[in-house]
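The listed protein sequences correspond, in order, to chains A and B. Here this note's numbering is used: the first residue of the first sequence is 1, the next is one more, and so on. Here this note's numbering is used: the first residue of the second sequence is 1, the next is one more, and so on.
These aren't lab readings, by the way, just hints derived from the structure by calculation. It is possible that part of the hints are untrue.
The list makes no distinction among identical chains, and a pair is therefore deemed to hold if it is satisfied within one copy or across any two copies.
Stated by the list, open to error - Below 27 Å or equal to it, Euclidean Cα-Cα: the simulated BS3-like pairs (lysine-lysine) are:
1) Lys-59 x Lys-193
2) Lys-64 x Lys-163
3) Lys-163 x Lys-147
4) Lys-64 x Lys-46
5) Lys-193 x Lys-68
6) Lys-132 x Lys-154
7) Lys-163 x Lys-108
8) Lys-154 x Lys-46
9) Lys-47 x Lys-59
10) Lys-108 x Lys-154
11) Lys-108 x Lys-68
12) Lys-59 x Lys-46
13) Lys-47 x Lys-64
The chain contents come next:
Number of protein chains: 2
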Amino acid sequence: MSAEIEFFFDFSSPYGYLAAESIEEIGNANQREVVWKPYLMGALFKKFNLTPLVNSPLKGSYAKRDIKRTADYLGIPFTIPEPFPVNSVSACRAYYSIVDDNPQIARKFALRIMRNYFQLNINLSDSENILKAASEEGLDVRVLSAKIENDTTKERLRFEVDKAIERGVFGSPIFIVENEMFWGTDRLDQLTKWIVSGSW
Amino acid sequence: MSAEIEFFFDFSSPYGYLAAESIEEIGNANQREVVWKPYLMGALFKKFNLTPLVNSPLKGSYAKRDIKRTADYLGIPFTIPEPFPVNSVSACRAYYSIVDDNPQIARKFALRIMRNYFQLNINLSDSENILKAASEEGLDVRVLSAKIENDTTKERLRFEVDKAIERGVFGSPIFIVENEMFWGTDRLDQLTKWIVSGSW
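Make a model of the complete structure from these sequences and hints.
Here it is, written out as structure tokens:
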């Protein structure tokens, strides 16, 4: 198998969710493993004193419309949830508690909580909703619940966030393959060309 | 003919240029007039205290790479010029000096000066280069030269810039058709769907 596709996203990012619905198909079709790397855009915004897109005075209202239009264009069920955006710390901790032992299930879990949030308005920041989704993926909720609160898990998430920012990740979704970076669901076509042809 | 497509861009914007190479074809294929409305993103940045994308600390270097990669993906010859970005006031004034009498030639002139800048590194901010391009479109350079310096033209440009900002235009390219706004060359597919189907 050739080099993996790294997929950086925030669980609370609509464009990240839309990418999550497409990226595995692209990986499978091209024999590339996709490594899901959720991180916290909040940490990035804080560090660089940035404003989330949807709160930006000029682009915010456009962005909300564009997200829904893009979802419809891609044929993906989508409603902007309320509240939005939300804190995705619990979701991230849960993911990193699962992924080392069960990478497949971790990805299914990740997609499930995003679908819950962006299709069914089930709040992603609520730990109970996170645990319920984990249980629906057949995971042991008592074990996971303890792991989420574990210092090792907290440290792991901080490490993953710092590493993402250090590597220049600044948005959601961002893909990196063979050191080439692609930002946005609207770059999946260029990403596909890259992995098929080996260059842009 | 159905409602026109308004095409807002800054002459110095690479993504605006890439859109300029595609939008007429989309308009022609769908019997829609495209009304080119160059404006000054500098005025927008000043008004809202914003930073141009390519100077943004996180996104800047990505953006430069993405622009070239996107141009190659679209099959459009492109080199990031030097200097870049430049002031496009003269280019805008020239355009608005031409467009009322000669809309067709004004569009050809606009595309020519962008091709000169983004393909041949001919500085877009230099009035001599602007006049030379106008002459190559068969325009009377003495008449145009006087018009560019005319107070009426300066006032017209200020009016167009203010109107664009007032209507919520915040980037380049931005398209508006039947009150629906599309931002970016990567939304030309959604724009096309809109004008074909009448909705998103």
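Do the hints match the structure? See the list:
1. Lys-59 x Lys-193: between (29 Å within a copy, 22 Å between copies)
2. Lys-64 x Lys-163: Between copies, since 23 Å is at most 27 Å while 29 Å is not.
3. Lys-163 x Lys-147: Answer is within: at 21 Å inside a copy they meet the 27 Å cutoff, but 56 Å across does not.
4. Lys-64 x Lys-46: both (22 Å within a copy, 25 Å between copies)
5. Lys-193 x Lys-68: Close inside one copy (26 Å) and across copies (15 Å); limit 27 Å.
6. Lys-132 x Lys-154: Close inside one copy (20 Å), not across copies (63 Å); limit 27 Å.
7. Lys-163 x Lys-108: Intra 23 Å, inter 48 Å, cutoff 27 Å: intra-copy only.
8. Lys-154 x Lys-46: within (18 Å within a copy, 42 Å between copies)
9. Lys-47 x Lys-59: both (21 Å within a copy, 15 Å between copies)
10. Lys-108 x Lys-154: Within one copy, since 21 Å is at most 27 Å while 58 Å is not.
11. Lys-108 x Lys-68: Classified as within: same-chain Cα gap 23 Å, cross-chain 35 Å, threshold 27 Å.
12. Lys-59 x Lys-46: both (19 Å within a copy, 16 Å between copies)
13. Lys-47 x Lys-64: both (24 Å within a copy, 23 Å between copies)
In this structure, none of the earlier numbered hints is contradicted; all agree with it.
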